[in-house]
Amino acid sequence: MKGRSPLSARVHGALLKMLAPSLGEERIREARALFLELRQDALARGRGAYLTFLGRELRAVISTALALRREARDEGEGGGAGWTDPFRQDLGYALRKLSRSPGFVTVTVLSLSVAIAVSTIVFSVVNAALLRPTPHVAHQEELVRVFTGTRGNHRGPMSYPDYRDLRDRSGTLQDVAAVGSRNFAVGPAAEGTRQIWGLEVSENYFQLLGIPLALGRGFLPEDVASGGRVVVIGHNTWQRTFEGDPDVLGKTLVLNGQAYTVVGVGPRGMVAMDGPRLLEVVVPIMDFREERGRWALRVVGRMEGGTTLPQVQAEMDAIAGALQEEYPNYWNHSGQDPTRLQVLSARDARVPEGAPLAALLGGVGALVGLIMLIACSNVANLLLTRAFRRRTEIAIRSAIGAPAGRVFGQLLTENLLLFGAAGVLGLLATWWAASILQSGGSLIPPPGLEIQPDGRVALFALCVALGTGLTFGLLPALNASRPDLVRALKGMTPVLRFRLFGVRNLLVGAQVGGSLVLVLVTLLLVKSLSRARTLDPGFDPRGVATLEVDVSHRDYTEAEGVRFFQDLLARVESARGVESAGYADWVPLAGGSISFGGLEPEGYERGPQEHVQATMAVVSPEYLEMAGMRLLRGRDFGAEDRADGPQVVLVNQAFVDRYWPGESGLGKRIGTREGKEEYQVVGVVADVSYRELASEPGPHLWFPLAQAYRSDLILHARTEGDPRALLPVMRRLVAELDPDLPVIRVDLMDRISANATRPQEVLSAVLGVVGLLALGLAMLGIYGVVAYSVGQRTREMGLRMALGAEPKRVMGLVLGEGLTLSLIGLVPGLLVALAASRLLRAALLGMDPLDPATFGAGLGIMFLAVLGASLAPGIRASRADPAESLRWQ
Amino acid sequence: MTSDPSPDRYLPLAPHDFQVLLSLLDRDLHGYALIKDIEDRTDGETVLGTSTLYAALKRMEEGGLLEEAPGLGRQTSGGPRRRYYRITELGREVARAEGLRIRRLDRMVGESSLLDGPGAVVAREVEP
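Those protein sequences? They're chains S and R, same order as listed.
Sequential numbering of the first sequence, starting at 3, is according to our numbering.
Sequential numbering of the second sequence, starting at 5, is according to our numbering.
This is chain S alone, in the form it adopts within the complex:
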């Protein structure tokens, strides 16, 4: 069913080929097929079983390789012709040499593999989000996205009639499909529903994208004509809800309380066209097929062969011009900001505009580059030291006639072996971390993002390992393969030592600088987070239970909906423990936002290009008080605000400050550009953080539910006790009123509004881990260099102490050396951190990126780390017996 085997199988096969070639081609191929079968079994038994399986297979490969080697040796009496070939010889020598310094190998391989894993994981996320072509979609280079563009929004959606016009009029696009996102409550209400994200699409969606369905068919015009209750389900839904039933076609799936007939099953790993989220439910677009004002659809088209993007754009300009003429109310309402059509290749459209995501990923990428640098400098330093220690051995080999090339090759082989092992380990760790991230759901990647490492990721890891291996392995190898023979053999190499030490100093400097950057950035994020927690969001989400329903799922009319919501509210209010309750169509800080544009605040002189807009929410009377929002002036909504009464609105203080500075705002009117509506301000509310947690929220409006009916509402209830206990009660009350109405979601208000700071939390957690690793690596590096230098100067130290220097002074000497060393890195590190913190401004929730206290703390931590790393060598030096050290050498 799948064209390519999974990464684990490929790694397994590669390892077998590499380590146990004597099994033979055919057996290895068979073993790989068997591995795939067993993998399936293990996967079916869950993650624990899968990890056990992988561990067993890895151990089996290693023990098999060792056993086969032993057998070959026993049989072949001293190897065979193979061992005369120089590379094999180098390899054997390197293996033996390395196995004699397990500590060195462990430290190098571990630090490198951690660095490789970290960078590869980040790359996998970027790869999944931005680089990898959408699976199962044919000829993606032909696909384009068409957006509506206004001054405020370059990537706007469009309505179904607009889409239809575009499709019918375009000659450069073979076909055009429309796509809208929808949430579905899956399953009959009586059995408890599951909330799932899916798409509604035009009938030609599957044909246009060329998605090969595993079973059944896509949609047909007849489906729409006969009511459109048909669905194409994804692989997971097929497996879970229908237990993989091959006769699933024609069966029923209940979505939002309605029965849908399954007509098709998507291929495994089918994701949405415009975001890599797993796609489980796809239905035809049935709603708002005639409402030109309902702009909610995204549009994708496939270009005719030989057409270029500029040609499509030119045609879209013409179509937009015609639509502006024909429907000025929708396409050119102010006469000043006509709506355009903007074409982007499907690939470009995946990168978010203005891209906070891209900036964030870029920033993380840069930081990950840093840890790579730190780890590599560390390893390079270790390699240099090792090469230096072996100068006598190398000199002897050169002296007895080993060509310089062979010595060089020998060292390079050793280094590449180390980096190769680290690469493999790093890749395994990546793969493991990715499967955790994947199952962790709401962690870093958006839910459903397929971050399973693919060939591209493996290639990336390989390049990183080989690239760093060659660079950092070559340098020490070159350095060591041309030793000064005479000096080396005499054991006196002051000149060489000094030069070598220069390189090492720089490497340690890079580590110190790199970790300083990471430590500072992490501290900034952590501090901004803790500060954000103390920020007043303008509402109090604690102790509030929420429940979301959409009565349009049961085709209620507005009057029926109003009655339902009133009945439900009355029942919830009288439930035990409930202090107050209310409705809203949006929970503050839940993520996303709803805005009202084209406003004309009374008496405000709008600039010619200015577009007045505010975020908005629809609420019931008493909601504000229930949610802990503070009314500053005027009144809350009440029973007097009826559907047929004068239209009223509440504004926040930021709105007043912006448009009516110095005034109370009460009694002011807010019109709309079309002039159709006018709202009177009856109250002013203290600022509430709706869209993001910031010290200065933007202008916001509240409309009374009675005058702005919504079928999709979130019921809030504040309770004295544990709000979790209220969730099942609320569910039951809904079921008592209408057993078939699906509940979209029940949750606690504080959990929902924690969404807003989740990216920062994840980012600071990730950076915290990376920063700690970096700090540890840097300390190891400093320790290595200082200890080495102390070792070199044993004689000097001994002399000093013999001449009466106190241990304290010797200690100070060593610590001073460590601090001097770190200074090389601290200055550039500080500069880079200053630049990086500016880039991070968006993630800092309004905190000063140059916060002096944070920078002070970061430097303090580095200072302590450097002292800590130099302490051990210092103690050793100050305790040295002068007589002993003078005798040394």
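No lab work stands behind these hints: they were computed from the structure.
Please note that a few of the clues may not be correct.
To be verified - What the simulated footprint calls covered on chain R by chain S, stretch by stretch (three residues with Cβ under 8 Å from a Cβ of chain S suffice, anywhere in the stretch; the number is not a length):
| no. | stretch |
| --- | --- |
| 1 | 35 to 41 |
| 2 | 45 to 54 |
What the hints assert, rightly or not - So the derived list for chain R, only partly shown, Cβ under 10 Å to chain S, looks like this:
| no. | residue |
| --- | --- |
| 3 | Ala18 |
| 4 | Leu57 |
| 5 | Ala59 |
| 6 | Arg63 |
| 7 | Arg87 |
Unchecked claim - Straight-line Cα separation of at most 16 Å, EDC-like style, residue types lysine to aspartate or glutamate; simulated pairs:
| no. | chain 1 | residue 1 | chain 2 | residue 2 |
| --- | --- | --- | --- | --- |
| 8 | S | Lys678 | S | Glu604 |
| 9 | R | Lys40 | S | Glu39 |
| 10 | S | Lys99 | S | Glu395 |
| 11 | S | Lys678 | S | Glu602 |
| 12 | R | Lys62 | S | Glu28 |
| 13 | S | Lys529 | S | Glu763 |
| 14 | S | Lys529 | S | Asp850 |
| 15 | R | Lys62 | S | Glu27 |
| 16 | R | Lys62 | R | Glu72 |
| 17 | S | Lys529 | S | Asp853 |
| 18 | R | Lys62 | S | Glu73 |
| 19 | R | Lys40 | S | Asp43 |
| 20 | S | Lys810 | S | Asp883 |
C-beta: ideal position from N, C-alpha, C; glycine also.
Following the hints, position chain R against chain S.
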């Protein structure tokens, strides 16, 4: 490969090899079935890794203890041909010899005081 007819030459068998031979006594099996059969018979105590299995198969095939079952290999859709393995006469003899060896061992364990009490093993180690 080998012309030495004495099954004792192969003893003691590696535990995994013995398990594979036991599984093949009554029927020819392919790799997947072999692993599952061994897992079932040992109540999940012995689960062979794929490479362990193929190393054992290679060893015993080259030693003449088992062979590919002719004609049974089926082409499964997409995947490579599944090879079935069959125990040879020599393999049967070796397995029998190993079985007898283990039985003798078992008898010796029974006759000793090795498993008499919970502390027996430890005490014996301390004694000399």
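Cross-check of the supplied hints:
Only residues whose C-beta sits within less than 8 Å of a C-beta in chain S count toward coverage, and the stretch 35 to 41 of chain R has 3 of them, enough to reach three; the restraint holds. Under the rule that three or more residues need a Cβ within less than 8 Å of chain S, the assignment of the stretch 45 to 54 of chain R holds, with 4 such residues. For the restraint placing Ala18/R at the interface with chain S, the shortest Cβ-Cβ distance is roughly 9 Å, inside the 10 Å limit, so the hint holds. Restraint check, Leu57/R versus chain S: the minimum CB separation of about 7 Å is within 10 Å; hint holds.
Hint status for Ala59/R: holds, given a least beta-carbon distance of 4 Å to chain S, under 10 Å. Using the Cβ-Cβ criterion of 10 Å, the hint placing Arg63/R at the interface with chain S is satisfied: the shortest such distance is roughly 7 Å. The interface hint given for Arg87/R is met, as the beta carbon of that residue sits about 6 Å from the closest beta carbon of chain S, less than 10 Å. A hinted pair counts as satisfied when its Cα atoms are at most 16 Å apart, and Lys678/S with Glu604/S qualifies at roughly 14 Å.
Of the supplied pair hints, the one linking Lys40/R and Glu39/S holds, its CA atoms being roughly 11 Å apart against a limit of 16 Å. For the hint linking Lys99/S to Glu395/S, the alpha-carbon distance of about 12 Å falls within 16 Å, and the restraint holds. At most 16 Å may separate the alpha-carbon atoms for a hinted pair to count; Lys678/S and Glu602/S meet this at roughly 11 Å. In summary, the hint linking Lys62/R to Glu28/S is supported, as the alpha carbons are separated by about 11 Å, within the 16 Å threshold.
A distance of roughly 11 Å separates the Cα atoms of Lys529/S and Glu763/S; the hinted pair therefore holds under the 16 Å criterion. Straight-line distance between C-alpha atoms of Lys529/S and Asp850/S comes to about 11 Å, which keeps the hinted pair within the 16 Å bound. This hinted pair checks out: Lys62/R and Glu27/S have alpha carbons roughly 12 Å apart, not beyond 16 Å. Between the alpha carbons of Lys62/R and Glu72/R the distance comes to roughly 11 Å, so the proposed pair stays at or under 16 Å and holds.
Taking the CA atoms of Lys529/S and Asp853/S, the gap is near 10 Å; set against the 16 Å cutoff, the hint holds. Under the criterion of a C-alpha separation no larger than 16 Å, the hint pairing Lys62/R with Glu73/S is consistent with the structure, at around 12 Å. The hinted pair formed by Lys40/R and Asp43/S meets the criterion: a straight-line CA distance of about 11 Å does not exceed 16 Å. With a C-alpha separation of about 14 Å, the suggested pair Lys810/S and Asp883/S falls inside the 16 Å cut-off, and the hint holds.
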